[in-house]
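Taken in order, these protein sequences are the chains called Z and L. Note that the first sequence covers residues 1 to 111 in the numbering used here. Note that the second sequence covers residues 112 to 225 in the numbering used here.
Simulated from the structure, these hints should not be mistaken for lab results. Any given hint might turn out to be false.
Here are the simulated DSS-like cross-link-like pairs (lysine-lysine), alpha carbons at most 30 Å apart as the crow flies [stated by the list, open to error]:
# : chain 1 : residue 1 : chain 2 : residue 2
1 : Z       : LYS103    : L       : LYS122
2 : L       : LYS168    : Z       : LYS71
3 : Z       : LYS37     : L       : LYS176
4 : Z       : LYS42     : L       : LYS129
5 : Z       : LYS42     : L       : LYS168
6 : Z       : LYS103    : L       : LYS176
7 : Z       : LYS103    : Z       : LYS42
Keep in mind the model is a prediction, meaning the values are calculated, not measured.
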Amino acid sequence: GEKVEQHESTLSVREGDSAVINCTYTDTASSYFPWYKQEAGKSLHFVIDIRSNVDRKQSQRLTVLLDKKAKRFSLHITATQPEDSAIYFCAASNGYQNFYFGKGTSLTVIP
Amino acid sequence: EAAVTQSPRSKVAVTGGKVTLSCHQTNNHDYMYWYRQDTGHGLRLIHYSYVADSTEKGDIPDGYKASRPSQENFSLILELASLSQTAVYFCASSGLGVSAETLYFGSGTRLTVL
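For reference, chain L alone in the conformation it holds in the complex (with noise of 0.2 Å):
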């Protein structure tokens, strides 16, 4: 069973602070995703990486960066945290190429900004 793993499981951070949320795959899987939940928007994509040193920007990037210094580790940044960034965050990790594409998540980041 595929397995990805994020830290930390939750996590308070003030506005303007900087908060780093970490996620490590052990699939060797070339794709790597964040996402944001909310209520009401279901998940939608901040930044994906489908190789290591290369992250892409998703639906949602602003006020994000994204980190890929490996093949197994991929972390979303936040450098200066706000109030609307209060979400759930999961990240996610798939294969390559058709009958692959089954994205396997973690078990999320509860983040609150106050």
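Bound-form chain Z, shown alone (with noise of 0.2 Å):
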């Protein structure tokens, strides 16, 4: 089945820096790939997500870039807040509602 890797455990940058957490996934059937943020202590909800027939995405401070040749797709933001600070999780799915998520990236923003 899908493996999905999350490279980075633990993010910290200064506030106004931007972070960057990169995900690689081994099914080339994947086609969705969302990203969902963990607040401490609360459950997860959804931030972004990307589709294979782009490799790039933006909301507001937020940009996904998919690279399908590598197989990998990532999430930047762009000048953190301390609100920003939380668990980053990325998944992929292959459209058939199945998703695999990576073990999470705890980005902390210093002020």
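Mind docking these for me? Both chains are given alone in their own frames, and the hints should help you get the complex.
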């Protein structure tokens, strides 16, 4: 089955700097790549996604890049703020409603 | 806003006991999922369902059963709880098809097996 690796388990950045979280996947049939955010002590909620028919998607300060050849996708957060501090999970799906998650990256934004 | 409600929020169970975790969604979603979260493992899929009265095994189904008696309700059952099942459990729901795949998560159930 699909395996999703999330390369950074922890990441610390200064407020205002950019943060990048990288993920790789193994199944070439994966076509949908969402990202979820989990704030301390809370549940997960959706932040942004990308489909395999595009290689870049931006939503405000968040950008997702997809490199299908390398089977790699990444989340870029610009102008980080303390409220961006959370655990971020990447996931991959082959379109049949099965989602495979990475282990999570704990992002700390230092004021 | 889609709503997924889990109960209980936390539970302490004894080894060998039976545990039932409940999930209720008001999103009119077809798909419901049970995930387990452990430190260092991220989220792993236990069981899922795409229609009432039918459940499917996920990646780590051993030691768990699931039940979906209606579109709105999805339960996870641990018949004989074990120490290794101590974890946080999340229920989620999603729609069907492209542009409906966003997962809506419940607030989680922290299960401690002693």
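Please flag the earlier hints that this structure goes against, numbers listed from lowest up. Per hint list: zero violations.
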